[in-house]
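> Chain by chain, the residues run as shown.
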Amino acid sequence: MKTAPSLGEFEQVVLLAILRLGDNAYGVSISAEITSCTGRDPAPGALYTTLDRLEDKGLIASRMGDPTPQRGGRAKRYFTLNAKGLRAITHAQQSYRRLLEGCELPGLTYA
Amino acid sequence: MHKTHMAERILGLVTNRERAAAVAGDLTEKAATRGGAWFWSCVLRTAASLLWRDVSESPGRVTGLAFAGLAAYIGIDLLFAGLSGVAFFIVGGVSGHPIQLDSIGWKVWFAAPVLVSSLLVGRILARWAPGRELAACVVYAVLVSIYNLTPMLGDNGGFTALLCLLIVPAGAAWGRSRRIRATRLD
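If you're matching them up, the sequences are chains S and W in order. Start counting the first sequence at 1; every next residue gets the next number (our numbering). Start counting the second sequence at 112; every next residue gets the next number (our numbering).
A hint or two may mislead.
[What the hints assert, rightly or not] Derived contacts from chain W toward chain S, CB cut-off under 10 Å, selection only:
hint : residue
1    : E129
2    : A132
3    : T157
4    : A158
5    : S160
6    : S256
Just so you know, these hints were derived from the structure itself, not from any lab. Cβ atoms here follow ideal geometry from the backbone N, Cα and C, with glycine treated the same way.
Please take these sequences and the hints and turn them into a complete structure.
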């Protein structure tokens, strides 16, 4: 069995945001999704270096969209999770789940 | 120059053109609700993050390149010292006039190699480190500043160190634009 690459906490957040957004995952929408789900406003520098790193690791793929006037005529760079990325985030979340089993956290019901 | 275009040029120094354009577009889109100050602070912080990533991902390679750049700088410096000796001999010995080192001509003579060697080293580093030009240049600029400020080694001048900090990245940008143009022609 192939071992999944290890992921940092912010890498997991970004991968989950891309997974939630489906076909509409690009810089602005990923940042907005992270803010709405976690309350954190990620620094653009941290977000783009993380996206580049995930792509270099082969966990996500990117494609360029069409240029729009709202963006100064620049195209959006859309991201999608590939099989390796999906395996990595699944493995990371399973690890969290195993760690949470038997723990009692205030306000968190865990089945 | 349009702000998106300028941001793209800045980001293009630390990442490839496609990624730089997409990031500049994202920041332009978000800046519609957040304003110009937010836009420029994000452009600079993003460029700094991408630059730091280049250095931190391969510190050995970047430092090695910077030392190679420093060796080239010292080589050019020594060559210039030899040329200066010849020039002193010709001006002082042959013409018989006393050499006045505080004259404008000599000041230009001594400032020129700093400018030329910094620009050339920036361009050499751009050729050796495609895609990581600025990272190599920043580490090189730090090294050359230490060299210049070290007694018995450099000229102990903060001005020279400052010139290097400004001109080396210009040389790197020059080398990078030549490389990108050559890639496009291919």
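> For the restraint on E129 of chain W, tell me whether the closest CB of chain S is nearer than 10 Å.
Holds, because the Cβ-Cβ distance from E129 of chain W to chain S comes to roughly 6 Å (cut-off 10 Å).
> Taking the closest Cβ pair, is T157 of chain W under 10 Å from chain S?
4 Å, holds
> Double-check S160 of chain W for me: the hint is only fine if its C-beta lies closer than 10 Å to a C-beta in chain S.
3 Å, holds
> Using Cβ atoms only, decide whether A132 of chain W comes closer than 10 Å to chain S, and label the hint accordingly.
5 Å, holds
> Hold the hint about A158 of chain W up to the distance rule: shortest CB distance to chain S must be less than 10 Å.
Nearest chain S Cβ about 8 Å off; hint holds.
> For the hint on S256 of chain W, does the least C-beta distance to chain S fall short of 10 Å?
This hint is violated: S256 of chain W lies away from chain S, its Cβ roughly 25 Å from the closest one there, beyond 10 Å.
Violation of the numbered hints given earlier is confined to hint 6; every other hint is satisfied by the structure.
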